[in-house]
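S.K.: Residue-level listing of the chains:
Protein chains: 2
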Amino acid sequence: MITRDMKITIAGLGLLGGSYAQGLSEAGYQVYGIDRDPDAVAYALEKGWIKAGSTDPEIVRDSDIVISALYPQTFIQWVRDCQHLFASGCILTDVTGVKRNVIREINAVLRPDVEYIAAHPMAGREFKGIRYADSSLFRQANYIIVPTPQNTAKAIDTARNLAEILQFRYIGELSPEDHDRMIGFLSQLTHVIAVALMNVTENPDLVKYTGDSFRDLTRIANINADLWPELFLQNKDYLLKEIDLFVSEMNEFRAMLAEDNTEGMKEKMIISAQRRKAFDK
Amino acid sequence: MITRDMKITIAGLGLLGGSYAQGLSEAGYQVYGIDRDPDAVAYALEKGWIKAGSTDPEIVRDSDIVISALYPQTFIQWVRDCQHLFASGCILTDVTGVKRNVIREINAVLRPDVEYIAAHPMAGREFKGIRYADSSLFRQANYIIVPTPQNTAKAIDTARNLAEILQFRYIGELSPEDHDRMIGFLSQLTHVIAVALMNVTENPDLVKYTGDSFRDLTRIANINADLWPELFLQNKDYLLKEIDLFVSEMNEFRAMLAEDNTEGMKEKMIISAQRRKAFDK
Chain A
1 MITRDMKITI AGLGLLGGSY AQGLSEAGYQ VYGIDRDPDA VAYALEKGWI
51 KAGSTDPEIV RDSDIVISAL YPQTFIQWVR DCQHLFASGC ILTDVTGVKR
101 NVIREINAVL RPDVEYIAAH PMAGREFKGI RYADSSLFRQ ANYIIVPTPQ
151 NTAKAIDTAR NLAEILQFRY IGELSPEDHD RMIGFLSQLT HVIAVALMNV
201 TENPDLVKYT GDSFRDLTRI ANINADLWPE LFLQNKDYLL KEIDLFVSEM
251 NEFRAMLAED NTEGMKEKMI ISAQRRKAFD K
Chain B
1001 MITRDMKITI AGLGLLGGSY AQGLSEAGYQ VYGIDRDPDA VAYALEKGWI
1051 KAGSTDPEIV RDSDIVISAL YPQTFIQWVR DCQHLFASGC ILTDVTGVKR
1101 NVIREINAVL RPDVEYIAAH PMAGREFKGI RYADSSLFRQ ANYIIVPTPQ
1151 NTAKAIDTAR NLAEILQFRY IGELSPEDHD RMIGFLSQLT HVIAVALMNV
1201 TENPDLVKYT GDSFRDLTRI ANINADLWPE LFLQNKDYLL KEIDLFVSEM
1251 NEFRAMLAED NTEGMKEKMI ISAQRRKAFD K
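Heads up: the protein sequence lines correspond to chains A and B, in order. Under the numbering used here, the first residue of the first sequence carries the number 1, and numbering increases by one thereafter. Under the numbering used here, the first residue of the second sequence carries the number 1001, and numbering increases by one thereafter.
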């Protein structure tokens, strides 16, 4: 149970870290912040989202809860470099969008008296940086706790409690494998599709004819090019498989079209329409 | 110039035909309707969208303007069967989503004293039928006039005037080839992608984890399975080409991922983000 006398420190005051700081501080919790960019720290202070902040990791000392909102590789490196500052018995959690690799790497280096509970807030925007932080994002979003058999009930409860305070719409639990498989399909494959669709042709005239369908399919094409290649590589095996399944489905449809197979295409569309309706309930 | 003493007859009172009837009648024009379904006619009458309506094509007699809101093959067949009822000198237009084939087939059979001007209102919904008709759809939509060198200025102006009365956001002109190429990419390819994405896996659990990105990419997956195979087949050459270009772009990205080519993926994402930003202006 997270209480209001606990010290919570967030490492990485970007879009997600900033939104966490906002949500937690507005709910009355004591939040501290670390970022290598002094402007991000100053912005969080000015907004009243953190009690104190610094570019110096020393500020993490005595924290009950440490939340990494860093990119995956930066997170792993930061734990290596700074975990000597962690309080014994503290809980470490994160916001990383892929899990198997991060969990393995963190647990391989983490001090035995600190417990890491992996979590993934499935929220984001097409912009990066604390200036776009907005904790109301979470009210429409899912929060997935990704425990391993080694995690204690206390750590899992802490992650759940964090998500409750931040008012996530749905809080679930998945194994690292199930999480990464799901993300490979629902999030990563869709981003690859949007990026491919924007790369396939350069035709500025298209803008004026673009209807809702193309606009919908490419909204996520405005992607953070610094973060996503890293997320893809961390989930390479599953993402390659999802791309292959999708491409072979595209080619199956292509063959039906080439063969004037109206009934085949119709059947695919009926399945598609039925499945999609479940999402609107 | 369309005037309020003209007789305008709409053949096919579905989602689009119904929305045309609503928009034109509310703007004070005299609209008549034909549909093989007496319920659709009754609904249009009850709403006050048509002055008179029938399942009998006889009602098209003496029309100054005839608008087909039928599916492509039905449109062609209807012109064959009913054009003896058309008034000499009347203008025929339509709402068909693909153009080269329809224009060729209509012009091959049409009486020489009637002029067909092809048009494509780029508006739609995930529902079909007159009960979902709503002429306010057009205010966010594009209207493309698709003239051939044989069309007169009068017919082109009539189509443009129709779009103005219906308050389309943008009214443009494209050749049949340019229209079909554009539609093959912006609309048809995106629908094939959405359908493929829904067909690739059957996992009802996905619904609870689905975020905005998957929801956006599959909104159009709730597709009209009676209409779209026909539209695809009418534009088969271009659509096959667009599928191939897109699939090869997917495979190019896949190869970068397989080879840990971070810089290559990043480059694709930068292009993608830049191009997508042009859509938000």
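Mixed in with the good hints there might be a few duds.
[Unchecked claim] Keeping only pairs whose Cα atoms sit at most 25 Å apart, straight-line, the calculated DMTMM-like set for lysine to aspartate or glutamate is:
#1 B:K1277 x A:D178
#2 A:K277 x B:E1126
#3 A:K236 x B:D1226
#4 A:K236 x B:E1126
#5 A:K236 x A:D178
Just so you know, these hints were derived from the structure itself, not from any lab.
S.K.: Determine for every hint whether it applies to the structure shown.
M.R.: Going through the hints against the structure:
Between the alpha carbons of B:K1277 and A:D178 the distance comes to roughly 34 Å, so the proposed pair goes past 25 Å and is violated. For the hint pairing A:K277 with B:E1126, the CA-to-CA distance comes to about 10 Å; that is within 25 Å, so the pair holds. Pair hint A:K236 plus B:D1226 does not hold up; C-alpha atoms about 38 Å apart against a cutoff of 25 Å. For the proposed pair A:K236 and B:E1126, the alpha carbon gap of about 35 Å is over 25 Å, so the pair is violated.
Between A:K236 and A:D178, the direct Cα distance comes to roughly 14 Å. Compliance with the 25 Å bound is thereby established for this hinted pair.
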